[in-house]
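Take these sequences, add in the hints, and give me the full structure.
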Amino acid sequence: MRIVPRVSGAALAAALMLSGCVSAPTAVRPAPKPSAQPVFANEAEALAAATKAYAAYVKVSDSVTADGGKNPRRIARFVSTEQLGRELKGFQYFKDNSLSSVGQSKFDSPRIQVYSGDSKSTFELSIYVCSDPDPRVGRRCGLGEGLR
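Just so we're aligned, residue 1 is where the sequence shown starts under my numbering, counting upward by one.
What the hints contain is simulated information worked out from the structure, not anything from laboratory work. Check before you lean on any hint, since a few could be wrong.
Capping the alpha-carbon separation at 27 Å, the derived lysine-lysine pairs in DSS-like fashion look like this [what the hints assert, rightly or not]:
{"#": "1", "residue 1": "LYS106", "residue 2": "LYS52"}
{"#": "2", "residue 1": "LYS59", "residue 2": "LYS120"}
{"#": "3", "residue 1": "LYS52", "residue 2": "LYS70"}
{"#": "4", "residue 1": "LYS89", "residue 2": "LYS59"}
DEER-style ranges, computed between Cβ atoms [what the hints assert, rightly or not]:
{"#": "5", "residue 1": "GLU45", "residue 2": "GLU82", "range": "22 to 28 Å"}
{"#": "6", "residue 1": "THR122", "residue 2": "LEU99", "range": "35 to 41 Å"}
{"#": "7", "residue 1": "GLY68", "residue 2": "GLN37", "range": "40 to 46 Å"}
Using N, Cα and C, we set each Cβ at its ideal position, and we do this for glycine too.
And the structure:
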């Protein structure tokens, strides 16, 4: 035979109300990770850095072509891995055809095309420049793709 304890309705209601007053266990949340430092303080600083990097790239590129395509890997530190193959192919053309360049390439009017990401791992910066490699060829404006 089973014995069922009798509980009055008032006692049951009081027990249920008290259980509603007990605070539920709080979820443990991990401490927030410190936010990544931005790569640049603002777009003006980013543009100045990109312009400086592009000027260094142009200087080395001019140097490689002036040397007839010799030691082309000098450009590697200025371009992405994807762009390096294209650069080396262009320099190889100079070497294979015994060509060399004279003078210095010039550019102006740098503008930001893409400025995104909040850390070095997600950051992307692309600029437009107007290039004037030779006054006889004419001015070309476009995206400085694949540059670091």
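Okay, the hints, checked on the actual structure:
1. Only pairs whose Cα atoms come within 27 Å are accepted, and LYS106 paired with LYS52 is accepted, the gap being roughly 13 Å.
2. The straight-line distance between the Cα atoms of LYS59 and LYS120 is roughly 25 Å, inside the 27 Å bound, and the hint therefore holds.
3. Simply put, LYS52 and LYS70 have alpha-carbon atoms about 24 Å apart, close enough for the 27 Å limit, and the pair holds.
4. Distance restraint check for LYS89 and LYS59: the Cα-Cα separation of roughly 18 Å lies within the 27 Å cut-off, and the hinted pair is therefore satisfied.
5. Remark: the range hint 22 to 28 Å for GLU45 to GLU82 is upheld by a beta-carbon distance near 26 Å.
6. For the hinted restraint 35 to 41 Å between THR122 and LEU99, the CB-CB distance of approximately 40 Å keeps it satisfied.
7. Between GLY68 and GLN37, the C-beta spacing of about 43 Å keeps the proposed range 40 to 46 Å intact.
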